[in-house]
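J.: Each chain is listed here by its residues.
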Amino acid sequence: MTAVEDRPAGFVDNDQKPVGYGRMLRKEDPRFIRGMGRYVDDINLPGMLHLAILRSPVAHARIISIDTRAAEAHPKVKAVVTGAILAEKGLAWMPTLSNDVQAVLATDKVRFQGQEVAFVVAEDRYAARDALELIEVEYDILDPVMDVRKALEPGAPLIRDDLEGKKDNHCFDWETGDAAATEAVFAKADVVVSEDIVYPRVHPAPMETCGCVADFERVEGKLTLWTTSQAPHAHRTVYALVSGLPEHKIRVIAPDIGGGFGNKVPIYPGYVCAIVASLVIGKPVKWTEDRSENLVSTGFARDYIMRGEIAATKDGKILAIRTNVLADHGAFNGTAAPIKYPAGFFGVFTGSYDLEAAYCKMTAVYTNKAPGGVAYACSFRITEAVYLVERIVDCLAYQLDMDPAELRLKNFIQPDQFPYTSKTGWVYDSGDYEPAMRLAMDMIGYDELRKEQAEKRAKGELMGIGISFFTEAVGAGPRKDMDILGLGMADGSELRIHPTGKAVLRVSCMSQGQGHETTYAQIVAEEIGIPPADIQVVNGDTDNTPFGLGTYGSRSTPVSGAAAALVARKVRDKAQIIASGMLEVSVADLEWDKGSFHVKGDPSKSVTIQAIAMRAHGAGDLPEGIEGGLEAQICYNPSNLTYPFGAYICVVDVDPGTAQVKVRRFVAVDDCGTRINPMIIEGQVHGGLTDGVGMALMEMISFDEDGNCLSGSLMDYLIPTALEVPEWETGYTVTPSPHHPIGAKGVGESATVGSPPCVVNAVMDALKPFKVRHADMPLTPSRVWEAMQGRTRPPI
Amino acid sequence: MQVPAPFEYARAGNVAEAIGLLERLGSSAKLVAGGHSLLPMMKLRLANFEYLIDINDLHGELGYITVASDQIRIGAMTRHRELLESAPLLAAFPIFRDAEHVIADPVVRNRGTLGGSLCQADPSEDLSAVCTTLDASCVIQGSGGQRVVSMAEFHRGPYETAVGDDELLIEIRLPLRAGGSSAYEKVERRAGDWAVVSCGAALWMDGGTIAEARVGLAAVGPNTTGIPAIGELLRGKAPSDELFREAGALASSSCSPVTDLRGTEEYKRHLAGELTRRTLSTCVARIKQGV
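The listed protein sequences derive, respectively, from chains C and P.
For the first sequence, our numbering gives the first residue as 471, with consecutive numbering after it.
For the second sequence, our numbering gives the first residue as 20, with consecutive numbering after it.
Read the hints as simulated data drawn from the structure, not as lab findings.
Every value quoted in this text rests on a predicted model; they were computed, and no experiment measured them.
One should not assume that every hint holds.
Stated by the list, open to error - Computed spacing ranges between beta-carbons, pair by pair:
(1) I751/C to E69/P: 28 to 36 angstroms
(2) M60/P to Q884/C: 53 to 61 angstroms
(3) K810/C to L280/P: 50 to 58 angstroms
(4) D873/C to G255/P: 49 to 57 angstroms
(5) R777/C to G309/P: 41 to 49 angstroms
Claimed, not checked - From chain C, some residues computed to sit far from chain P (all C-beta separations above 10 angstroms):
(6) G625
(7) W644
(8) P1016
(9) L1053
(10) S1172
(11) L1180
Where a beta carbon is used, it is the ideal one built from N, C-alpha and C, also for glycine.
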């Protein structure tokens, strides 16, 4: 199906809610809109203490001494803990998600501004914060490494002298594709274009910052941790491995989460500090970071410096893409990615195009910046890959003086080539690119816009039309290839039908606002015919849900969504056997009619799923070999990733006098396979597009050369508001995933991935009269004006 | 959550009481009006005071806009929203409408005050640029009486004003003169951001020639900057694109911006010129339209 969906005039009425897929209001929204969500900071336990963290004011320094006596003397302070104290317990360092180590509290050196140095536990939050100012730390200041390009220079200050034998700031090397084959294609190509493309460091900046309440109950010896976690089960296992507490004595609860975007995938030192404090003091301890702490110390994203090269024939057939990447991983390598993929899924930089060859070489380095490289809605570095390919393709269009839509249409992987194995080894499951592209062009009126642009250019007005066409690889992933710290990326799911036909579904993934309580209820409803309102979805409590790796990388629907569908089918199979007993026919003589089984050829003889549920739990005989109850559990291991794609086109106007960019229109056509709740999909797309406009135009974590982070507040780190974005125009095509049980592909990050190159391409298109081919994000008015003056590498 | 350091809180009921408290507590005290700049600075512990004196109860006494024949007097506790809703003020000085629409957001404008904006003395602050443009004078009161200072005297550097530790800004006076109009433009990276550069202009015509013109620039120097040379250039001449371009060039070369995250020095100089040209042109267009 390829069409713009008919949208109802207003919001859908839940009285007409579907049993299965379709538009319905989100089940979780009544509590959110009424301010009744329950977040970590809402957890208040009797006798609870408060923890605050002292952070390094400098980027690189040796710790000479720490004097905590004055802080300890504060009347409300219960404990002051330094790295030296943690080291005695073997807890000063912890593993990162990339098998590096990270300091919980610094013992020897501080390696970035904002690094954790000590913590205070006090009776209230104010006292804890006051006491931090009573701690005196003497630092021996060292030169910091802030410019990633200079990190590997001989004589650069050594950051990771904690690693045995480490002599430089090299983190890892990685390559993919075929260097020799790519060089051969480049050598014969008519046209070669290369460009240095920077994806700056940005931050997820979720509305809710990170935090936890740790409660160690001494009698049971059980730790309960309420925490801002996108992956409660993975966190529980890591805590067990690090702390030595047995895993069944750890319960991780993620209550409502106020946005994650990857920021809540890692385990941060603050969580560990709170756990240690509760273990030692024996009382519940709360830690909630403030906005500045979140921006300066938690997982950033991107920070890739990419040299992109593209080879093509003179008539615009793209032959090969090659890239050399310098990756800034900060002080500790905290990237969250499957362990065999240190650069995540960056290998999909070949995009949506059928190439002869491709090659990438990457060097990752340590710098004196916050650790991470986690995510921010990037589907494991696909954001960077898509930005690279969609920008370099536009640079080629510029060089060939060819329409960027025509260039893309000419090079798409064709429908009959799927499943398509890319030159970097990724197996694209399904795709039909041209209809999506044509739909986007029709929706925005592409040809008319080009005419308008020509007229405006003649008058000296600056209007740009930008295109991006992206393919993502999401839904990690097959356990033979993919794990996080040894944990396979398969997801469990458990479904129980109660006697009255109501149901509870327990899932391993964790909503941060995506609407899981609605989407999963609809998936189950579609399979088993119970209305979504009658299905409770439980997530975020490790004692009450099956194991799974959590929500990030757009994996919830591709992995846990598949698990939910399959567990419902398993229950339905059992229900069919029970129904055969009730109707006294063989199983094979029954037909399913979304909610009831009836005898083939005689629809009057039927039983509903609700009646079957009562029978399953009630008195009376069941068919031979069938146990009572109506429930099942499964673990879904995906056989491949899914490959959503989309065509985005936007129009920008640039004020020739002030260089301000206004995004006038934005059309987003997404293909995420089967669509479960179109309203939720649109919401995800709207959010991601807003994110993308922010990154393209204003977001960047900046540092000065002394290592000070200049983006420690939301007055300095800008995120877009409703005034910076247009009314979004969304469309869709549907190309189901062939291996996914319901054909769904995931959509959580599509718009964040696809929109930054679209906006940048539009601005570059507007600046074509100034012969600007590329300028780096964020395209602030100053940067755009500098580009118009011929300076595309401005100092800021 | 960011939490401030300990402080004592007092609430003044009237001007005399506020000055009495200031005299007693001296530099250890700080006044809070709307609090939109002060409270974040306290929560970040960039500003630490022993005493906070809340003067919101002074709104009855100092929240007014009074139009006389030769001037408009505005009480220091007048809120942004009240400025934006004052028909006589906007009729005399449309620059207030332009500026207020780009100051933060409605929530801030409901609470923030004119006096607070001026006393914060942020070099990027919009109403300071407006007051500089309109040649405002500031009435400062202490226990010994009142004194009146010009905007140039009022601001003494970033975050520094002429108001003493035991004094209170109580009123802003805007001289009225017929035959003029005014305008304001701001370039920001995002709605609600501080200005990259902003510019106010006020211009009075006498027949076909310019009788008087004033420009006030924000974010291009230690304080908002009036550029008297522009008035000298324009007086007695007929308005034209070329003339205003020349005025813009004067603004570009007379200001002293620095490169920061909001923009390069060169870009800010360019904007100073561009916005000067635009706002002066708007003034003339508004005079022609009778607004």
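J.: If a hint holds in the structure, say so; if it doesn't, say that too.
T.: Structure-based check of each hint:
no., hint, result
1, I751/C to E69/P: 28 to 36 angstroms, "holds, 32 angstroms"
2, M60/P to Q884/C: 53 to 61 angstroms, "holds, 60 angstroms"
3, K810/C to L280/P: 50 to 58 angstroms, "violated, 38 angstroms"
4, D873/C to G255/P: 49 to 57 angstroms, "holds, 54 angstroms"
5, R777/C to G309/P: 41 to 49 angstroms, "violated, 59 angstroms"
6, G625, "holds, 29 angstroms"
7, W644, "holds, 32 angstroms"
8, P1016, "holds, 35 angstroms"
9, L1053, "holds, 61 angstroms"
10, S1172, "violated, 6 angstroms"
11, L1180, "violated, 6 angstroms"
Of the hints listed earlier, those the structure fails to meet are numbers 3, 5, 10 and 11, in rising order.
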